[in-house]
Amino acid sequence: MTQTENPLFDMAGRLFSDLCQPKDLADAGTGQWPDAAWSAVEAAGLPGALIPEDAGGFGASPVEAFSVLRAAGEHALPLPLGETMLAGLLLAKAGIAIPSGPISVPSTDQPALKLKRSDGRWTLAGSLRHVPWGRHVKTVVAVADFEERPYVVLISTNGMAPDCADNVAREPRDSFTIDVALKDSEIALSEFSRLDLRAIGAAMRTQQIAGALSRVTAMSVRYAQERVQFGRPIGKFQTIQQSLAVLATQTAAANAAADLAAEAVTEAGVETLAIGCAKVRCGEAASLGSAIAHQIHGAFGFTHEHSLHFYTRRLLSWRDEFGNETEWSTRIGQAAIEGGPDRLWYGITDIGASR
Amino acid sequence: MNRFPFAPPPRSPEAEELRREVRDFLKTELAGTTALQRAESWNGWSAEFSAKMGERGWIGMTWPKRYGGHERSALERYVVLEEMLAHGAPVSAHWIADRQSGPLLLRSGTEQQRLEILPRIAAGTCFVCIGLSEPDVGSDLASARTRAVSVDGGYRVNGTKIWTTNGHRSHYMVLFCRTGDGGERHQGLSQFLVDMKTPGVEVRPIIALTGEHHFNEVVFTDVFLPADSAIGKIGEGWQQVTSELANERSGPERFLSSFELLVEMVRSLGNSPSDHAKATVGRLGAHIVTLRRMSRSVAGMLQAGSDPTLQAAIVKDLGAVLEQEVPEIARLLLGAEPTSSSTTDFSAVLAYTTLHAPSFSLRGGAREILRGIIARGLGLR
Ligand SMILES: Cc1cc2nc3c(=O)[nH]c(=O)nc-3n(C[C@H](O)[C@H](O)[C@H](O)COP(=O)(O)OP(=O)(O)OC[C@H]3O[C@@H](n4cnc5c(N)ncnc54)[C@H](O)[C@@H]3O)c2cc1C
Chain S
1 MTQTENPLFD MAGRLFSDLC QPKDLADAGT GQWPDAAWSA VEAAGLPGAL
51 IPEDAGGFGA SPVEAFSVLR AAGEHALPLP LGETMLAGLL LAKAGIAIPS
101 GPISVPSTDQ PALKLKRSDG RWTLAGSLRH VPWGRHVKTV VAVADFEERP
151 YVVLISTNGM APDCADNVAR EPRDSFTIDV ALKDSEIALS EFSRLDLRAI
201 GAAMRTQQIA GALSRVTAMS VRYAQERVQF GRPIGKFQTI QQSLAVLATQ
251 TAAANAAADL AAEAVTEAGV ETLAIGCAKV RCGEAASLGS AIAHQIHGAF
301 GFTHEHSLHF YTRRLLSWRD EFGNETEWST RIGQAAIEGG PDRLWYGITD
351 IGASR
Chain B
1 MNRFPFAPPP RSPEAEELRR EVRDFLKTEL AGTTALQRAE SWNGWSAEFS
51 AKMGERGWIG MTWPKRYGGH ERSALERYVV LEEMLAHGAP VSAHWIADRQ
101 SGPLLLRSGT EQQRLEILPR IAAGTCFVCI GLSEPDVGSD LASARTRAVS
151 VDGGYRVNGT KIWTTNGHRS HYMVLFCRTG DGGERHQGLS QFLVDMKTPG
201 VEVRPIIALT GEHHFNEVVF TDVFLPADSA IGKIGEGWQQ VTSELANERS
251 GPERFLSSFE LLVEMVRSLG NSPSDHAKAT VGRLGAHIVT LRRMSRSVAG
301 MLQAGSDPTL QAAIVKDLGA VLEQEVPEIA RLLLGAEPTS SSTTDFSAVL
351 AYTTLHAPSF SLRGGAREIL RGIIARGLGL R
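In order, the protein sequence lines correspond to chains S and B. Under the working numbering, the first residue of the first sequence is numbered 1, with each subsequent residue one higher. Under the working numbering, the first residue of the second sequence is numbered 1, with each subsequent residue one higher.
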């Protein structure tokens with residue numbers, strides 16, 4: 001079974017296709033919260049897709065759960081679905097009750113939050129930066145270290161005034177300055193480190209990038225077959241065919257890398273380097289792929305009216321979130337160099353080999 | 001929808017077990033080789049090494065036992081290939097026969113050809129070269145001019161093949177030539193198994209820009225080929241050669257040609273490289289990891305009997321881009337001058353890889369041709 005050959009992927013694709021018509025995407029871009037869409041996604045049970053079965057999830061494997069995000073990327077779903085799935089996983093594993101509604105996770109983890117304990121009470125201070133849909137969610141989940149151990153923290157942001165900002169796709173990426181006391185029901189030791197969390201977030205973005213690249217490839221091929229210049233469809237010109245072939249190779253690589261990332265989140269833990277490789281590869285594919293798609297689409301693709309930008313602006317945003325290519329490749333390179341030249345190959349074959 | 005899916009490579013515990021065995025073997029066999037020798041890898045010729053691999057059962061691994069094969073999986077074979085390349089083993093002598101000529105005979109050869117040739121290939125003692133290209137026939141293979149005409153008891157061949165890798169040290173050539181006229185461009189083409197010692201076959205060396213002698217011009221003057229040297233059906237050479245090329249295009253040799261340079265680059269960086277150097281190494285690693293997954297996925301497709309033509313073209317195209325990037329990145333990162341006569345591993349390997357790089361996007365199908373195949377897969381042609 002490939003990542004995208006499963007019933008959950010098909011179901012999610014059909015649902016998102018209904019929810020993500022150009023009008024819906026344009027409305028979301030003006031800052032509106034698509035309430036009806038969220039309700040439909042929630043009714044389908046998708047926000048809980050990563051929650052283990054024994055914690056109340058419906059028992060999808062991580063690979064199947066991540067395929068939902070591949071579909072979300074393909075349709076530019078303007079909701080914090082991946083973030084809510086990720087929060088659900090963290091909370092469930094830590095034994096914290098999962099609140100209803102959308103939950104977000106900051107896509108930047110610097111500077112680190114300050115978690116303190118005094119007189120038996122937990123406090124958390126610092127800033128939650130780049131919180132997807134921060135203004136629309138009531139809860140944010142993060143991982144903070146205390147005495148060198150990671151804790152999952154559940155932060156109620158209800159009523160807090162965020163510092164509002166958007167990424168270039170006009171998806172909300174808000175920040176909060178916090179200094180709060182945490183109830184005992186809002187904190188627990190985490191199975192996942194801060195790096196693990198960053199990696200799972202990166203894995204999530206690789207799915208979305210791969211999905212969006214599949215979409216812009218299909219759109220570009222169709223456009224090249226329909227747009228006529230010099231008396232024939234531009235897709236008949238060899239140079240356009242070659243560009244589209246390059247786009248297709250980038251999309252194929254991004255999808256293979258996203259498969260690798262999805263497989264790297266397992267019951268046994270998170271394989272951060274595998275995900276890092278995937279994020280680097282998908283980030284590069286996003287850059288090259290969106291550039292080719294725009295070149296093919298000419299000036300029409302540069303308008304707000306054409307829907308190409310719903311996908312390309314997301315590609316250009318997602319490559320930077322949860323660690324860009326430099327951040328992850330530095331980590332991978334560090335590990336490779338520490339292993340030494342004669343173990344370089346072993347490091348490569350070890351990736352993905354433990355499963 | 002993802003147009004060209006690469007199914008996850010199947011898990012194979014046997015293959016991983018085999019990997020350890022291959023690594024142990026290579027540790028002994030390659031002890032004392034220089035980095036430059038390792039960089040040659042699938043250009044490196046050693047009949048002795050090939051025979052040792054044959055003894056181990058690592059050539060013709062997936063073929064039926066009755067033809068000297070070992071009936072192992074495509075994934076096990078893949079492990080042997082990638083370990084050989086990553087360690088820089090001299091595999092050139094048997095590589096082509098193992099990769100494409102053997103499988104071609106298995107699919108289309110006569111029973112006699114299979115029984116006679118395949119066990120020798122699998123033993124690592126019989127080497128084969130490929131006669132596709134001609135002086136006037138490169139990418140446009142269907143316009144081959146070398147011609148075999150029917151004569152009493154067989155065929156008489158006249159024409160010239162070129163760029164024939166290892167033509168001067170192979171036992172056989174798989175010759176692709178014209179046997180008929182008219183009709184479609186792709187009709188009237190056939191393949192023959194030619195004993196290189198046949199009278200009238202003349203091999204002339206061609207020296208590559210690197211100064212090496214790997215490829216040749218092979219001239220056929222009134223060469224008589226017995227009727228039973230035809231491979232498959234006369235006139236169906238085109239169909240046969242296209243499936244042969246899918247085998248040729250997807251393997252790990254399509255993204256590991258510059259691997260030794262990456263190893264020497266990491267060695268030269270030492271223990272305290274800059275963040276920029278780390279990121280550079282990490283990025284190349286990410287590309288290799290992804291390509292390796294895609295290439296292993298193609299091995300899985302071969303194992304399952306599905307047609308990987310498009311996926312193979314994608315792997316080869318992306319692989320060549322990466323292989324050609326490595327020397328450019330290495331020279332800028334380390335600021336070393338590539339020196340062909342160098343005794344410093346890094347600059348010698350850099351010189352070697354720099355000079356070979358232009359061939360990466362030509363041999364086995366030029367970049368533009370592969371992209372044309374992908375465009376056809378997209379429905380554009
Ligand atoms: C190291 C090496 C080893 C080789 N070994 C062998 C061997 O053992 N046996 C063998 O038979 N051959 C061998 N070859 C030949 C190889 O298969 C050919 O080089 C390849 O098929 C391209 O043919 P060509 O070199 O004649 O280039 P051409 O076909 O002349 O192409 C030249 C350029 O034009 C482009 N081009 C051609 N047609 C088109 C088109 N329709 N649209 C757009 N662009 C086009 C090509 O992409 C290329 O960039 C070897 C080549 C090399 C470099």
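Please keep in mind that the hints were generated in silico from the structure rather than gathered at the bench. Watch out, some of these pointers could steer you wrong.
[Said to hold, decoys possible] Only some residues are given here: those of chain B computed to face chain S with a beta carbon under 7 Å:
no.	residue
1	Pro8
2	Met196
3	Pro273
[Claimed, not checked] Derived pair list, reagent style DMTMM-like, types lysine to aspartate or glutamate, alpha-carbon separation capped at 25 Å:
no.	chain 1	residue 1	chain 2	residue 2
4	S	Lys236	B	Glu212
5	S	Lys236	B	Glu17
6	S	Lys93	S	Asp24
Ideal Cβ positions, reconstructed from N, Cα and C, are used throughout, including at glycine.
### Query
Which of the numbered hints above does this structure break?
Numbers 2, 4, 5 and 6 - these are the hints that the structure violates, sorted from lowest upward.
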